[in-house]
Amino acid sequence: MRQQDQLSGIQVMILVASTILGTTVLSLPRTVTKEAGIGGVVATLFTGILTFGLTVIITLLSKRYPNQTVIEYSVEILGTIPGKIYGAIFVIYAIFVSGGVIRAFADALKIHMLPNTPLEIIMISMLIVVVYAAMNGISVLAKTNETFYPLVFFALLLLLVLSLPRFRMDEFRALLFLDLPSVVKAIPQIIASYLGFEIMFFLVPFARKPKKVLLYSVAGIFITSTIYTALVVISIGVLGLAVTQKLVYPAVILAKHIEFPGSFAERFDIFFMVLWILAAFTTLESYCYLSAFSLTRLIGLRNYKPFIFLLLPVIYMIAILPQNIYQIEMLLSVIGLLGSFIVFAAIPMFFISLARKKGERKNA
Amino acid sequence: MKVIKRTRNPKNIKNMEKNNPPQLKAEEQVDLLLSKNLEENLQKFKAFLQDSTDVVFRDFKLGKEGISCGLVYIDGLIDKTTVHEHILKNMMYEITMLENSQGKAIDKAIAFEAVKNHVVSVAEIKEVDTLDEAMNMVFSGEVALMVDGFDKILIVSARGWPARGVTEPQTESVVRGPKEGFTETLRTNTVLLRRKCKDPNMVIKTVKLGRRSKTDVAYAYIKGITSNELIEEVEKRLNRIDVDQIIDSGQVEQFIQDNRFSPFPQVQVSERPDKVAAALMEGRVAILVDNSPFALIVPAGLYTFYQSPEDYYDRWLISSFLRTLRWIASIMAAFIPTIYVAIISFHPGFIPTPLALTIAASRANVPFPSFVEALLMELTIELLRESGARLPKPIGQTIGIVGGIVLGDAAIRAGITGPAMVLIVAITAIASFVIPSYSAAIGLRIIRFPLMLLGATLGLYGVMLGFIVINIHLVSLKSFGMNYMAPQAPIIPKDLKDFTFRLPGSMMKRRPIEYYPIDIDKMDQDPRKR
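First to last, the protein sequences are chains L and Y.
Going by this note's numbering, the first sequence opens with residue 1, and the numbers climb by one from there.
Going by this note's numbering, the second sequence opens with residue 1001, and the numbers climb by one from there.
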């Protein structure tokens, strides 16, 4: 009947926020503090601001081509071959993220919730559900995100608020002796945790009011960076810097310390992990959809659905590739590099596009 | 015996329409057009109806000239007083007074007009030209009146058949609010609806559905509120229905719903005229089926199944609380058993240690894994519910006592189940009855079985997977173009006023946007500020 499948502003905001918020949130305090130490708090904030800027550029760039996704307009901006290469990198990136995220997800779940269940069962069952979601298209994607994100947000908020009684300020004295170069050095690593906002490359053609997209996408980033910074601050304050740096999943350990008020549930960490499954799912479905969708657009086809099944074995192969947690981290850092390339490429593309439009105007 | 012959080809509707007037075999073919001869017309009726004993044929003479007339009606479907007092008495007796006062006999040439204009004292009168039209009318409880020399039939309305009175609805009882419910007679139902809303813009249109049953199906909407697309969609879907027989609105529902395979109802069903009238005012369309006390309301989002009409009659705090309770209950009805199974089999550390130990101790003698235990008990409660629903009321209560108290206790003593499981099953059962809509509740009760399997195989992760799948299914559902999960997904901030919470009526100045009403405003400004 009516075109209800277009995305509303709130949906854009939640899509951005919940695509960012994925599996990495469990290990975030470690990735942040590993390099920068206590400066990680500042680094998280800085990266948040950087992401903010990048999102603005990506959104502005996409708004210049309101009917196209990045796969199509990169060809227009960069020329056929470089544009196609960029598109191909995007497809590979999205596939790798899908694989990496599902592996990281299954690993964390196995360690903390299902020690006796084979990794493969966890991954395959999740992939089936993700495929079911991705088959239904972008509007269903947005609507599931809308349903799940508040729950994830609630879980995180509960985690942060209930941790407050154990919070100690002592750890933050070191902030006075902040080592700025190490903070800057940590940013490339942290940006991997912020990846997900590149979904903005794709959302403008689906938005109901493309003009207002910028505001909502930026709001999505704002929510996420606030949560991230608060999480880092609180896990340092509760667990201590030295412990945070060494734990694989500091957020889960943080949850383990919490006693549920009224103590009707003994282990808050299971409760937290259960809702975190939703966060991992929303990230996964976005990337699974994006990988199939961008591949279809790259080839020049319209129906992306068969490609989901085509990509499924590839995603699964990538997911079972790493042998241990160290190799998973390696995989995730490769993904981080690819992702950084993709989002930073938006800056030159934006200016080339700006220059070209101005040039056209001058010629005309 | 006359057999009505039809060539059937359901896929080709055009072909069917061509065959729609009942056709007899070639040698028995009856011309459906009427002749001027009364005798012939009566013969035509008899060709179809003479085998049935409840059809009454009556011929008599009219006036001084003795013009032959004939009546055809179905015994029991008409009001006999009307036929006697207002048709037969007038035509046989009072007509002579008319003739006397005019001083001349009624002319044969104008007899039909005279009967129509001066003799039959019934308000509702129609003229038809063909036999099948006349027969349709006769079977709806009208009287067919024929006058010799005219190829038209006068249809006189004298409907009157044994019908159930307006009683309190059984399935949707309320503490506060009107106590009347729909009945099996379509006309009574439309009257109940009209009394709730005197807006002249309220339109009630009728279509005949069912090739043989020819059931009257009415759909009502308010012109100027309901979006035209919605009305067109309803008309399109109703006209698409092509079956032999429509007995209840449930059959219509199954033909017009969007997703045939979903466990969730996509059409709202109500016995209550006040609920239907309120739905019309929101810009929705109601479908009433003759012979069915259940009206259908479309489109229907999931949240409509959690609303009870009292929500609007009670003050907002009470209804908000009750609605929240219903949502929690529905989640409990589907998820409590699976969460129990998952926790017991995978994460016993999740619950407080003393409780975990108690449950473990009580289960020590139970030979089954918790999944089998849960399955057994859940199936038992479904058996109890079904047997209670089918039995006469007094016995049903006995079953409730035997099932609820004796069975539960005996099952624990027999070592088949632990007390915790009985508690879980009881809570689930109670929770599933909190949901006002029967069809929504039964959907939830069914999906809890596959969910239990997931919880038993993958623990809380499996429960979450089930939750995710249900959600994906729910958000991808549509009901007549409307998002099933609106206003929660997609979030429509303005419509959230009447969702889990119901804000005070004076704060809801607009109709729900999700139905795309033409006229969005309910009131211009807050009545308190006026």
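None of these hints come from the bench; they were simulated from the model.
Please note that the accuracy of each hint is not assured.
To be verified - The list that follows gives simulated cross-link-like pairs (lysine-lysine, DSS-like), each with its CA atoms no further than 27 angstroms apart: (1) Y:1478 with L:209; (2) Y:1036 with Y:1152; (3) L:211 with Y:1494; (4) Y:1494 with L:209; (5) Y:1198 with Y:1044; (6) Y:1208 with Y:1198; (7) Y:1509 with L:209; (8) Y:1152 with Y:1179; (9) Y:1198 with Y:1478; (10) Y:1223 with Y:1205; (11) Y:1179 with Y:1214; (12) Y:1179 with Y:1126; (13) Y:1223 with Y:1036; (14) L:212 with Y:1494; (15) L:305 with Y:1478; (16) Y:1064 with Y:1208; (17) Y:1036 with L:212; (18) L:209 with Y:1044.
A quick note: this is a predicted structure, and the numbers were derived from the prediction, not measured.
The hints, checked one at a time:
no., hint, result
1, Y:1478 with L:209, "holds, 22 angstroms"
2, Y:1036 with Y:1152, "holds, 8 angstroms"
3, L:211 with Y:1494, "holds, 21 angstroms"
4, Y:1494 with L:209, "holds, 18 angstroms"
5, Y:1198 with Y:1044, "violated, 44 angstroms"
6, Y:1208 with Y:1198, "holds, 25 angstroms"
7, Y:1509 with L:209, "holds, 25 angstroms"
8, Y:1152 with Y:1179, "violated, 45 angstroms"
9, Y:1198 with Y:1478, "violated, 31 angstroms"
10, Y:1223 with Y:1205, "holds, 12 angstroms"
11, Y:1179 with Y:1214, "violated, 31 angstroms"
12, Y:1179 with Y:1126, "violated, 36 angstroms"
13, Y:1223 with Y:1036, "violated, 43 angstroms"
14, L:212 with Y:1494, "holds, 18 angstroms"
15, L:305 with Y:1478, "holds, 20 angstroms"
16, Y:1064 with Y:1208, "violated, 42 angstroms"
17, Y:1036 with L:212, "violated, 74 angstroms"
18, L:209 with Y:1044, "violated, 66 angstroms"
The earlier numbered hints that this structure contradicts are 5, 8, 9, 11, 12, 13, 16, 17, 18.
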